[in-house]
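Asks: Fit chain U to the known structure of chain G by using the hints.
Residue numbers (the numbering used here), protein chains in the order written: chain G, 1 to 359; chain U, 1 to 149.
No wet-lab data here; the hints were simulated from the structure. Careful, some of the hints might be misleading.
[Said to hold, decoys possible] Restricting the straight-line Cα-Cα distance to at most 25 Å, the calculated cross-link-like pairs of lysine to any residue (SDA-like) are:
#1 U:K47 - G:H13
#2 G:K246 - G:I186
#3 U:K47 - G:E122
#4 G:K47 - U:G90
#5 G:K308 - G:V282
#6 U:K63 - U:P31
#7 U:K104 - G:I38
#8 U:K63 - G:L24
#9 G:K158 - U:G90
#10 U:K104 - G:I83
#11 G:K30 - G:A202
#12 G:K134 - U:L32
#13 U:K63 - G:Y306
#14 U:K47 - G:I186
#15 G:K153 - U:A93
#16 U:K136 - U:G90
#17 U:K144 - U:P76
#18 G:K174 - U:P31
#19 U:K47 - G:H21
#20 G:K30 - U:K136
#21 G:K52 - G:I83
#22 G:K158 - U:V41
#23 G:K210 - G:I83
#24 G:K246 - G:R191
#25 G:K52 - U:P113
#26 G:K158 - G:G286
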Amino acid sequence: MSEKMIMPFGPQHPVLPEPIHLSLVLQDEKVADVIPSIGFIHRGLEKLVEKKDFQEYTFVAERICGICSYIHGMGYCQAVENIMGLEVPARANFLRVIGGEFSRIHSHTLWLGLCADAFGFESLFMHTWRLREKILDLMEEITGGRVIFSHVKIGGVKSDVDALMANKILDILKELEPEFREITSIFLDNRTVRSRMSGVGALSEEEARKLGAVGPMLRASGVAYDLRTTGYAAYGQLDFEPIVEKDGDCMARCQVRIREIFQSMDLIRQAVGRLPAGPIDVPVKGNPDGEFMARLEQPRGEVVYYVKANGTKMLDRMRVRTPTFANLPPLIQVLKGSDLADVPVLILTIDPCISCTER
Amino acid sequence: MSYFKKSPWLIHYDGSSCNGCDIEVLACLTPLYDVERFGIVNTGNPKHADILLITGSVNEQNKSVIQNIYDQMPDPKVVVAVGICATSGGIFADCYNVLGGVDKLIPVDVYVPGCAARPEAIIDGVVQGLGVLEEKYKNRKERKKKVNA
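So that you can see chain G by itself, here it is in the shape it has in the complex:
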């Protein structure tokens, strides 16, 4: 048995588009321990609430992360709306569900591609991202943006979906679903993919609960925990069940995300079908006073927004607890004892979003 050595991983690393630094303590080819150090993307945007007024801050909240931007904006707006006692129109809530679910599809597809890249299946990466562009085109038509949407605002949403657009959404989903089935079947059935993901990085249900895992990471370990079931926005009026897998390994996490893509498609179809008539926003009067904690389900897991207002235009405090931060302790757990060559895949299976985590 050779001596232990420390190998730096990151901050600039080919497999990660974002910088995170891990010191891997190695014993031969096995990882004995992991020491993460974060802070490369820290901007300090929570403190910006003191400089930008609460309506303007929606744009900052959306830019906490460019991948789950839609749901970040939605979480912030929900918290402020609750403080102000604003009743968001039903139509706006349904439109938020449509936007949120599209952004979940885009995020999961993006993850599938990055994961394929991490285990060296580059053509699969390219084809997954080819599909993702079609989702982005549709998002652009609905909201006006490709990755940063600025669709949600305090009191409602900014643009409507008319009957023509609603039909187009349904048509495109019908067209895309077989394509998604084809691509995702490679993730599920291909021998190469299975050999890299099955049985790798298993996290038991007990460990997942103890370490506070969230989102697909938790659901892949057999815990049916999905905040959309609490019924915020219009989720209470739609039919769905949290998606759960049992194995807790990389493959299970991949399966959860794949099944969630189709679940999101189903939710969009339901929301478009039941879209109520009416206004899409309510006027905002006065300033918020009080505090509220909003919890939402992001593509990566539970996100918590805490907003404290003091009756002026500027908020007192805004705090976000992001899913990747909660998933770091489970990541360290699955990295311990793994092979060095599996480290990139393991890091990717928590779907890390560093810019959320560090803000």
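Replies: This is chain U only, laid out in the frame that chain G set:
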């Protein structure tokens, strides 16, 4: 610029961006935009790279990392600042941990506007960067000639 003898390789570093521009940089590599048809390859190794694409602004923690990557790249090299954060700090300019655009730290040759910068804009920025790179090669050749003469 109509023709470039070498296939320029680029390296991407995320300063303190929100991910929006990073994802668009990656989208440039994928089939719809496919910069590889221009011979452009995204490499993870600064010593292989001609063009440094930076998204996001400079902060206390990543300043040494950016400087390190820049120093490791062989001359001549081009820096492309992608997105408004890399240009000036953008919406985060007032944040306490944001020092400002990338040009506070290293010389920038091309600025790509947008929040998030669109893939078309990023490709245009890289193609303009190629022009700058060619210019730098030419200048270096002339300098060598003078030294030899």
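Asks: With the threshold set at 25 Å, check whether the alpha-carbon distance from K47 of chain U to H21 of chain G stays at or below it.
Replies: Given that 25 Å is the threshold and the Cα spacing comes to 20 Å, the pair holds.
Asks: Are the Cα atoms of K30 of chain G and K136 of chain U separated by 25 Å or less?
Replies: violated (46 Å)
Asks: Take the C-alpha atoms of K47 of chain U and H13 of chain G, compute the straight-line distance between them, and say whether it is at most 25 Å.
Replies: holds (13 Å)
Asks: For K158 of chain G and G90 of chain U, compute the direct alpha-carbon distance and say whether it is at most 25 Å.
Replies: holds (23 Å)
Asks: Would the pair K47 of chain U and E122 of chain G pass a check requiring their Cα atoms to be no farther apart than 25 Å?
Replies: holds (23 Å)
Asks: K104 of chain U and I38 of chain G were given as a pair; does the straight-line alpha-carbon distance stay at or below 25 Å?
Replies: holds (23 Å)
Asks: Is the Cα-Cα distance between K63 of chain U and L24 of chain G 25 Å or less?
Replies: Holds, at roughly 23 Å.
Asks: Check the hint pairing K308 of chain G with V282 of chain G against an upper bound of 25 Å on the C-alpha distance.
Replies: Holds. K308 of chain G to V282 of chain G sits at ~22 Å (cutoff 25 Å).
Asks: Does I83 of chain G lie within 25 Å of K104 of chain U when you go C-alpha to C-alpha?
Replies: Distance ~40 Å between K104 of chain U and I83 of chain G Cα, so the pair is violated.
Asks: Given the proposed pairing of K63 of chain U with P31 of chain U, does the C-alpha separation stay at or below 25 Å?
Replies: violated (33 Å)
Asks: Compare the distance between the alpha carbons of K52 of chain G and P113 of chain U with 25 Å, and conclude whether the hinted pair is satisfied.
Replies: Status holds; Cα separation ~22 Å.
Asks: Against the 25 Å threshold, does the CA-CA distance of K158 of chain G and G286 of chain G hold or violate the hint?
Replies: Holds, at roughly 20 Å.
Violated hints for the displayed structure, listed by number in ascending order: 6, 10, 13, 14, 16, 20, 22, 23.
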